[in-house]
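Student: Once you've looked at the hints, dock chains B and C against the given chain A.
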Amino acid sequence: MAGGSFPDFVEQVSLIDHHVHGAFHADGDEARFQNSLNEGNTEPLAKPEDTYNTQIGLAIRRWCSGILDLPRHASPADYWSRRSELSELEVCRRMTRAAGVSDWLIDTGLDAADYLGKAGMAGVSGGRTHEIVRLELVAESLIQEIANPADYVDEFGQRLHELTRSAVGVKTVLAYRAGFDQDLSRPAPAAVVEAARRWQENPGAGTNAKLTDVTLIAHGIHTAVSMKLPLQFHVGFGDRDLDLHKTNPLYLLDFLRSPKVRDTPIMLLHCYPFEREAGYLAHAFENVYIDVGLAVNFTGSRSRDLVARSFELAPFTKILYSSDALGPAELHYLGARLWRNAITKVVGGWIDDDDCSEADARKIVQLVAHDNARRVYALP
Amino acid sequence: MAGGSFPDFVEQVSLIDHHVHGAFHADGDEARFQNSLNEGNTEPLAKPEDTYNTQIGLAIRRWCSGILDLPRHASPADYWSRRSELSELEVCRRMTRAAGVSDWLIDTGLDAADYLGKAGMAGVSGGRTHEIVRLELVAESLIQEIANPADYVDEFGQRLHELTRSAVGVKTVLAYRAGFDQDLSRPAPAAVVEAARRWQENPGAGTNAKLTDVTLIAHGIHTAVSMKLPLQFHVGFGDRDLDLHKTNPLYLLDFLRSPKVRDTPIMLLHCYPFEREAGYLAHAFENVYIDVGLAVNFTGSRSRDLVARSFELAPFTKILYSSDALGPAELHYLGARLWRNAITKVVGGWIDDDDCSEADARKIVQLVAHDNARRVYALP
Amino acid sequence: MAGGSFPDFVEQVSLIDHHVHGAFHADGDEARFQNSLNEGNTEPLAKPEDTYNTQIGLAIRRWCSGILDLPRHASPADYWSRRSELSELEVCRRMTRAAGVSDWLIDTGLDAADYLGKAGMAGVSGGRTHEIVRLELVAESLIQEIANPADYVDEFGQRLHELTRSAVGVKTVLAYRAGFDQDLSRPAPAAVVEAARRWQENPGAGTNAKLTDVTLIAHGIHTAVSMKLPLQFHVGFGDRDLDLHKTNPLYLLDFLRSPKVRDTPIMLLHCYPFEREAGYLAHAFENVYIDVGLAVNFTGSRSRDLVARSFELAPFTKILYSSDALGPAELHYLGARLWRNAITKVVGGWIDDDDCSEADARKIVQLVAHDNARRVYALP
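Chains as they are written, first to last, in full-length UniProt numbering: chain A, 1 to 380; chain B, 1 to 380; chain C, 1 to 380.
Among the hints, a few may not be true.
Note that the list lumps identical chains together, so a pair holds whenever it fits in one copy or between two copies.
[To be verified] Mimicking EDC-like on lysine to aspartate or glutamate, the simulated pairs with C-alpha atoms at most 20 angstroms apart in a straight line are:
{"no.": "1", "residue 1": "K47", "residue 2": "D263"}
{"no.": "2", "residue 1": "K260", "residue 2": "D241"}
{"no.": "3", "residue 1": "K363", "residue 2": "D78"}
{"no.": "4", "residue 1": "K246", "residue 2": "D181"}
{"no.": "5", "residue 1": "K363", "residue 2": "E49"}
{"no.": "6", "residue 1": "K363", "residue 2": "D50"}
{"no.": "7", "residue 1": "K210", "residue 2": "E155"}
{"no.": "8", "residue 1": "K246", "residue 2": "D183"}
{"no.": "9", "residue 1": "K228", "residue 2": "E155"}
{"no.": "10", "residue 1": "K345", "residue 2": "D305"}
It should be emphasised that the hints constitute simulated quantities derived from the structure, not laboratory data. The model shown is predicted, which means the values in this text are computed figures rather than measured ones.
Next up, chain A with everything else stripped away, as it sits in the complex (with noise of 0.2 angstroms):
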């Protein structure tokens, strides 16, 4: 093959970000675009302008700017002011048509009214959306409308079904809510009865029931392991309502050694800086996936390191790509750019050091670009 081919075949290849949020469909101000560029504050930052002093701030001058037709490594101000004359739709859709990502897969867990649905998303970026299920919003809706939580165990199940119809997978955001050093075998029927009689009496500030109860959070999991539908765990890296330590994934050991589980993809994702236990888990499971999205977009020029990290033990089957992106669509975009960068330096380092042939080079990036999502979720 010629030289230089394989970085033209990484700039090529089609991906599949499975694990996704929409992007700002209406304009906003530069706070808004500065905050969206912190993951882990979770109050508006006293200080928003030091968002470009970050790696991800390198990283969007650099990549992003030239989307806008302005110059590499542009002004902060000249790429906000580029910006606002483009409009965020106008963004959005050069970001996310230059990303070369054919399939999104979204997690409608955000929603909002703020953000672009499935519909808008496969209009703006030229792509399919496909939707993955909340785990918590099913069982929070759930709760405010049953008479009787007798009834849960039954009404979860059936719910949960119908959202699935049309849906790829599912996703629990257990280390937001109570961490992974919990008991997450299966609870017997009984136990989630009470335990949703409790919340609906109990149900915590506000008018919002937001789940932590372990107990029907492993329901909600098992009920979806069930179903044998692709199951995703938020893992690491997030914002700092959720204790990092105890979102390392390695505490899910117990319950992948579950027979029943086996049978269930289980999608760790992110992963950050636990991605080296993941890839452990990876390779110790059949049934275990992983990707390193989100901090990719955070870590920036640092990235290649990490998507180094997650080419350890984890087999080439069972890593995927996402970007995580949510809010300005540079985000989905840089995920991309940034994938794309790190593995051209990282497996092409391979060929490089002669560790493995171009031809397997090529088809370990099609693995992880888009065969390992197509297969496991059953996309078309």
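Tutor: Chains B and C in isolation, oriented as in the chain A frame:
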């Protein structure tokens, strides 16, 4: 020294593999070979052919093909075909001899009929072999043989003394049996006898009494410590029976701080993904040593970074080589091959950057390749 | 900008060493020097000469030899001989001046007779010095002086107020005394008084009452927080008295989430091997800052990767330089030397890969070298 000489030096340096198991001696089917390329599973893989789509799969096709007279990157089908043609024993002979290993320190804890023993490994490889006694096996055979648990303490001491007469060290698999987050102080004899009585009365499932009692495991460890033989701990990466997060070697801090332990060499094996934590212990305790065996094989082209990480805090006098190979002798060869590749790049990189002189680099290589092991295990 | 200018820029940039101790002023024997090259041990090494067989040993021979007029990679014997010839104070003068440090922020918690104090360090180095007050020392002297534990709360507040009048920050060694897996919420005054009473009645072994009570340590921390001075936490790597796994900074999450803490700069020192976890906290909390001091010295040629890992999630406005040097002034110099080496390769690599412009790179270097420290500690 002439250009290129350092890589040649690394190529030629003789290795002591201080933690290894026996190779297969009889022919087997491809599924056996494929399953041997997965360390984490505990049962036959549903799709064993997926083990080729891994770092170790690439590494075998890259580095072992030539030893079987095949071109680099031979296809899995060609590789298996040629391998079958040659016979397991001929593959074993070629691989073990190509490894450049002068001494194999064999953990006979897995020495079932399928694997070559000490004599067999010496014969096939042309190297010297030495025995490492596994403490838990000693206990497990003892408990089935003694009539009175009150004799356990004395009998265990005598038996261990006899068994280690011809051995160079002992090993504990505490990591598998209970994890490190335990009280590992020396138990009183009465507590040991009581635990032995309980175990004898309730040996667990099946006829094989698998030792999981921490009191008895700690007793075995402290009995070994008092003999001052090098004591190996399985740390980190292994099959999914172990709780990986409970094998963080930092949980051994209290044990290591015990004054009675300081004169016994403590050998931390594998350590992945805790190689930096293990390196810290090798820095903080003069009697602690580390290796990154097993993980080197399974991370393949990524083992360079792993080896580099093992060279952070650990003094060069405290790092050893091991393969932890078991079964197909590709693993016995590949450990050495990948270690040489990594050392050439990592330590060679220090020469290139003028971080050390070439003479220093050679001395470091000799320490890790064989000097440290020869000194610690008092090998001839 | 001309080729080669970025390395020159890094070479010249002035540093603020925001966490450092005093250098030796009086001559000592070689064992003292050798033992100073091991951070983990808590007693004289049995084989102190082994400290030369380490990353820090190589680094001293490589980088410090020239400052003593020796050729690079001088042998340990030649190095020690020349060093003795020059006297400790002359070595100290040369090393501290070669470091290119304008300001030293000195933790006087170890300020025994063996080490230069604030005035001595200023005199020998030609730089400015500033004081960091160690909270636990304040408590330990107070408990011996007050007649009535009921006065502890008021007296501690007054004393800390007085002591910090001329200081730029405070420090806690909670990591050593109790670990971070503790309830660090603000204790009620009555609980503090009760704990002070217990401590006074039972001060522990010897005449020095070493503070290990979490209530009193937390009281010290919250008293400091209310003064809004930068508050340094020892995190991670240190000697083996600490339980390294209990110093994972993620255990500080609850503390950091407390609204009262958000206006006080929290400085996470060292952080190894938790530099990525610390970086996450610097991303998720606007008032959290990190450095990788101490570990840079002890990982030597490998510090480049360590520095790189510290540039993942932490904003560039939240990363600081420190050496954490103590004793031989090689450590004061080497911290700066290895940091410049690492920055040239890591940040210079971003320029080479066009990940950022050279102007951006220079700005990042200035932030980490001195701007962040100057701003946070309000230095002149």
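Student: A separate judgement is required for each hint: does it hold in the structure or not?
Tutor: Cross-check of the supplied hints:
no.	hint	result
1	K47 <-> D263	between (47 angstroms within a copy, 13 angstroms between copies)
2	K260 <-> D241	between (31 angstroms within a copy, 17 angstroms between copies)
3	K363 <-> D78	between (41 angstroms within a copy, 18 angstroms between copies)
4	K246 <-> D181	both (6 angstroms within a copy, 12 angstroms between copies)
5	K363 <-> E49	between (42 angstroms within a copy, 15 angstroms between copies)
6	K363 <-> D50	between (41 angstroms within a copy, 13 angstroms between copies)
7	K210 <-> E155	within (18 angstroms within a copy, 45 angstroms between copies)
8	K246 <-> D183	both (13 angstroms within a copy, 16 angstroms between copies)
9	K228 <-> E155	within (19 angstroms within a copy, 53 angstroms between copies)
10	K345 <-> D305	both (10 angstroms within a copy, 15 angstroms between copies)
In terms of the numbered hints stated before, the structure departs from none.
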